[in-house]
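Asker: Chains as they are written, first to last, in the numbering used here: chain V, 1 to 100; chain P, 101 to 733; chain Y, 734 to 903.
For the record, the hints were derived by calculation from the structure and aren't laboratory data. Any given hint could be a false lead.
[As the list claims (entries may be wrong)] Label pairs and their in silico Cβ distance ranges:
hint, chain 1, residue 1, chain 2, residue 2, range
1, P, Leu729, Y, Val889, 47 to 57 Å
2, Y, Ile759, P, Val720, 22 to 32 Å
3, Y, Ser808, P, Asp689, 52 to 62 Å
4, P, Arg707, Y, Leu886, 31 to 41 Å
5, P, Arg707, V, Asn91, 16 to 26 Å
6, V, Pro3, Y, Ile759, 47 to 57 Å
7, Y, Val835, P, Val720, 14 to 24 Å
8, V, Val68, Y, Lys851, 25 to 35 Å
9, V, Val42, Y, Leu886, 17 to 27 Å
10, Y, Asn842, V, Met1, 11 to 21 Å
Being a predicted model, the structure only gives us computed values, none of them experimental. Just so it is clear, CB atoms sit at the ideal spot from N, CA and C, and this is done for glycine as well.
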Amino acid sequence: MIPIEHILLLSAVLFTLGVLGVMLRRNVIIIFMSIELMLNAVNLSFVTFARSMDSMTGVIFIFFIIVVAAAEAVVGLSIILSIFRTRKTLNIDEFNILKW
Amino acid sequence: MSQIWLVPAFPLLGFLLNGFFGKRFGTRFVSFVGPLAIALSFAQSLVLFFQMLEAEGNILKEHLYTWIASGNFEVGINFQVDQLSALYLLVITGVGFLIHVYSVGYMDGESGYYRFFAYLNLFVFFMLILVLGDSFLLMFVGWEGVGLCSYLLIGYYFEKESAAEAAKKAFLFNRIGDFGVLSAVLLIFLSFGSIEFATVNAEAATRLEFGGTLVTAITLLLFLGATGKSAQIPLFVWLPDAMEGPTPVSALIHAATMVTAGLYMVARLSHLFVLAPFTMNVIAVIGAATALLAATIAITQTDIKRVLAYSTVSQLGYMFLAMGVGAFGAGVFHVMTHAFFKALLFLGSGSVILAIHHEQDMRKMGALKNKLPITYITMLLGTFAISGIPFFSGFFSKDEILWKAFSSPLGSPWLWGVGFLTAGLTAFYMFRMIYLTFHGNSRLDAHTAEHVHESPFTITVPLMILAVLAVTGGFFGVPHVFNLIPNGMENYFHGFFAEIPSGHGAVSTEWTLMAFSVGFALLAWFVASRLYHSGFELAAGFRRKWEWAYQLSLNKWYIDELYNTIIIQPGRLISTYLLWRLFDQNVIDRAVNTTGTVARTIGNTIRPFQNGLIQNYALVFTLGTFLILWYVM
Amino acid sequence: MLIIFYIFAALSVLGGLGVLLLRNPIHCALSLVGTFFCLGAIYVMLNAEFVAVIQVLVYAGAIMVLFLFVLMLLSSKDSEKYANKWPIGKILAGLLSLGIFVQIASLFNASELQLGPKGEYPLEVVEEVGSIALIGRLLFTDYILAFEIIAILLLVAVIGAVVIAKRRFQ
Numbered sequence: 001m002i003p004i005e006h007i008l009l010l011s012a013v014l015f016t017l018g019v020l021g022v023m024l025r026r027n028v029i030i031i032f033m034s035i036e037l038m039l040n041a042v043n044l045s046f047v048t049f050a051r052s053m054d055s056m057t058g059v060i061f062i063f064f065i066i067v068v069a070a071a072e073a074v075v076g077l078s079i080i081l082s083i084f085r086t087r088k089t090l091n092i093d094e095f096n097i098l099k100w
Numbered sequence: 101m102s103q104i105w106l107v108p109a110f111p112l113l114g115f116l117l118n119g120f121f122g123k124r125f126g127t128r129f130v131s132f133v134g135p136l137a138i139a140l141s142f143a144q145s146l147v148l149f150f151q152m153l154e155a156e157g158n159i160l161k162e163h164l165y166t167w168i169a170s171g172n173f174e175v176g177i178n179f180q181v182d183q184l185s186a187l188y189l190l191v192i193t194g195v196g197f198l199i200h201v202y203s204v205g206y207m208d209g210e211s212g213y214y215r216f217f218a219y220l221n222l223f224v225f226f227m228l229i230l231v232l233g234d235s236f237l238l239m240f241v242g243w244e245g246v247g248l249c250s251y252l253l254i255g256y257y258f259e260k261e262s263a264a265e266a267a268k269k270a271f272l273f274n275r276i277g278d279f280g281v282l283s284a285v286l287l288i289f290l291s292f293g294s295i296e297f298a299t300v301n302a303e304a305a306t307r308l309e310f311g312g313t314l315v316t317a318i319t320l321l322l323f324l325g326a327t328g329k330s331a332q333i334p335l336f337v338w339l340p341d342a343m344e345g346p347t348p349v350s351a352l353i354h355a356a357t358m359v360t361a362g363l364y365m366v367a368r369l370s371h372l373f374v375l376a377p378f379t380m381n382v383i384a385v386i387g388a389a390t391a392l393l394a395a396t397i398a399i400t401q402t403d404i405k406r407v408l409a410y411s412t413v414s415q416l417g418y419m420f421l422a423m424g425v426g427a428f429g430a431g432v433f434h435v436m437t438h439a440f441f442k443a444l445l446f447l448g449s450g451s452v453i454l455a456i457h458h459e460q461d462m463r464k465m466g467a468l469k470n471k472l473p474i475t476y477i478t479m480l481l482g483t484f485a486i487s488g489i490p491f492f493s494g495f496f497s498k499d500e501i502l503w504k505a506f507s508s509p510l511g512s513p514w515l516w517g518v519g520f521l522t523a524g525l526t527a528f529y530m531f532r533m534i535y536l537t538f539h540g541n542s543r544l545d546a547h548t549a550e551h552v553h554e555s556p557f558t559i560t561v562p563l564m565i566l567a568v569l570a571v572t573g574g575f576f577g578v579p580h581v582f583n584l585i586p587n588g589m590e591n592y593f594h595g596f597f598a599e600i601p602s603g604h605g606a607v608s609t610e611w612t613l614m615a616f617s618v619g620f621a622l623l624a625w626f627v628a629s630r631l632y633h634s635g636f637e638l639a640a641g642f643r644r645k646w647e648w649a650y651q652l653s654l655n656k657w658y659i660d661e662l663y664n665t666i667i668i669q670p671g672r673l674i675s676t677y678l679l680w681r682l683f684d685q686n687v688i689d690r691a692v693n694t695t696g697t698v699a700r701t702i703g704n705t706i707r708p709f710q711n712g713l714i715q716n717y718a719l720v721f722t723l724g725t726f727l728i729l730w731y732v733m
Numbered sequence: 734m735l736i737i738f739y740i741f742a743a744l745s746v747l748g749g750l751g752v753l754l755l756r757n758p759i760h761c762a763l764s765l766v767g768t769f770f771c772l773g774a775i776y777v778m779l780n781a782e783f784v785a786v787i788q789v790l791v792y793a794g795a796i797m798v799l800f801l802f803v804l805m806l807l808s809s810k811d812s813e814k815y816a817n818k819w820p821i822g823k824i825l826a827g828l829l830s831l832g833i834f835v836q837i838a839s840l841f842n843a844s845e846l847q848l849g850p851k852g853e854y855p856l857e858v859v860e861e862v863g864s865i866a867l868i869g870r871l872l873f874t875d876y877i878l879a880f881e882i883i884a885i886l887l888l889v890a891v892i893g894a895v896v897i898a899k900r901r902f903q
């Protein structure tokens, strides 16, 4: 049996990497990927807790999280697409006015 | 239905038509619409007059529209016609109509002809509102409205600086009076809970203590308003300057109608005023003082319209004297006769001015008698009337006032004495004007003298009609002492005004006093004819002996200068140094600037957070998360 | 078994570092796919086969393909200049992340971790019934409302994406 704290530690590491990605990368799509990475880290901890507590609720949660992530990816990417059309760049620092 | 609303509706319609379409449709349209509106109004006023006489309680009321309704308090656009307002209606629309007709001739060819008639119609409209309203609020609407029209018409030649200045002066002096009226209305509302004339008059005696502070304050404030509108001491100085307006305006607004609004208000509230003997005394004294002061100024003025202006102030003082001694009927009677003869005199002077190409200086007139026969005769009749020559209209009304000033419990021989003196001075300066204008040698320059001609019929016909009224108008109120015909005025106003205890004084005394005043007036006439029948030469010799008195009178007792020194200059200094330099710049400006600086500083401090860089937001967001976790654990 | 977990854990961390450090966005995306695969493997080890499958199908397959597709479509050249406008910001970001990591890690410390009472589905029951059957049963009974709502959300997202991405400015 894998020690639970080790899996949770992995989850924390992945989450922190995601946070760093969001704050440090300039490419808006990579920032988006970092968010996905954070979501996955959370998923991992959900599964871990579900297993260790003999419950199915965590697994159901992941199901919903993945659906939300998919919806988010679709909408987010389409927003990036339409921003790119007007700004011709993916650098998030260029998106400093929220209306144009 | 009595259809009172029609009376003001016609002039309003005339104003709208002339104001909006007058320029496009031209002078003939305007000359037709302007007088017609007033004529229709006059016709309706006549109908109302007779309806009112037959109506129960001699009053007609009409509710048009509820203006303000709040709890128990309600103010409506209500019109009422009673003895007082009916008389005013007839004078306003009747004299007003004649002056409109006169204006067609007088203003011919002036630029802004349509504007003149629009204003004149508007003035009549507001004046009618003033006398028809059944509450203070509606009266005040008219009160302010006539002030506005007066301002517009004095400043009719607005390109002339003196006219614009005079208009401003009139407006500002009236504002002081308006302050009094408004404060009085507030006090009345507080003590009566209503601002309707009927309620106030009916309940005055029960609600207010006789001679109490409150009623004295109310009436004094109202009288302050009256001094502004009716040009009494201390607010009379605007009226002579108001002569900058066209002559018909002087005749209509500044002699016959608007300036009597203050008297109208006092007469309307007679039941309130008799409760304050102190105020009555103040009114009588101020009236008498104004009458004398204005008369002394009038005797040296050389501008024909200014003579008449000071004469108007003086006669208004007379009327207030009558009000102050409780002779409300006599005062209103004099309002009516004065409207006739003063309008006549102003229109006559206008006719003269027109004939000699807008020259108003009597030093450049003379010997116009034969050139302007109709003007001469009608003005002479007007002069007889104002001077109190027996059996002309002014004689009856003036004698009534003088007798009441002597005999009334509120009067005194002193008041009579001042009135008596004024009557003599009045005769003197009026005949002086007649002699200087129409008799003696011609002092016109040659070119003008050749072109002098009698005015067109639109001018002479109103003059003749007014002359007839000025001669006969007095027979409405022949004093009892003559025992000829019943005193129509007294019957007419029977029970309308507040009664004061009847005066003492024997019939023989009245005859004696009357003889004195008539004799004095005739004497004044004689002196004037001796002094001025051939111009200024004789008077000049007389003048040298009394140089100081002459200068005092010519310079209007230096009252304008006095006001300038004690009010305007300190006001200007206070405004400049205290209000502007000290308060405005150091307090208000600084407060405003500081507000701006503070806002800008805060903005500059906070702005970097809102730089639109999403990663900065993410950083702050993460910081927040970190802090929350810190707090939770 | 434990060794295999550590291998996959190390690989997934490596993938995460790739996302954070690689310059080319395509490489980033590919390393993220790697991370997702490794996580899928770990899910299998945790007896969550259904999650593992949708992890690979939806995440590694659908979502990441979508990312790659958009990346290829936009193919921006300027996107990876590391504009170093505010180095303090970077240092602060690093410190903050470290702080958050410490906090989460200490939260997950097993000795302090207080788990509630055990649930109704121990490993034996799951293996007997099958994880997919259990999830399906739960989704269509206890969680039916959430399930329906998430379906609507997905529909809205699809329509929204079409509306936003449609070329309007021409």
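Asker: Are the hints correct? Go through all of them and say.
Answerer: Right, here's what the structure says about each hint:
1. P:Leu729 with Y:Val889: 47 to 57 Å: Violated: the Cβ-Cβ distance is about 32 Å, outside 47 to 57 Å.
2. Y:Ile759 with P:Val720: 22 to 32 Å: holds, 31 Å
3. Y:Ser808 with P:Asp689: 52 to 62 Å: Hint holds: Cβ distance 59 Å, inside 52 to 62 Å.
4. P:Arg707 with Y:Leu886: 31 to 41 Å: The hinted range 31 to 41 Å holds for arginine 707 of chain P and leucine 886 of chain Y, with Cβ atoms some 37 Å apart.
5. P:Arg707 with V:Asn91: 16 to 26 Å: With a Cβ separation near 22 Å, arginine 707 of chain P and asparagine 91 of chain V satisfy 16 to 26 Å, so the hint holds.
6. V:Pro3 with Y:Ile759: 47 to 57 Å: Check failed, 36 Å falls outside 47 to 57 Å.
7. Y:Val835 with P:Val720: 14 to 24 Å: Cβ of valine 835 of chain Y to Cβ of valine 720 of chain P: about 20 Å, so the range 14 to 24 Å holds.
8. V:Val68 with Y:Lys851: 25 to 35 Å: The hinted range 25 to 35 Å holds for valine 68 of chain V and lysine 851 of chain Y, with Cβ atoms some 28 Å apart.
9. V:Val42 with Y:Leu886: 17 to 27 Å: holds, 18 Å
10. Y:Asn842 with V:Met1: 11 to 21 Å: Between asparagine 842 of chain Y and methionine 1 of chain V, where Cβ atoms are some 18 Å apart, the hint holds.
The earlier numbered hints that this structure contradicts are 1, 6.
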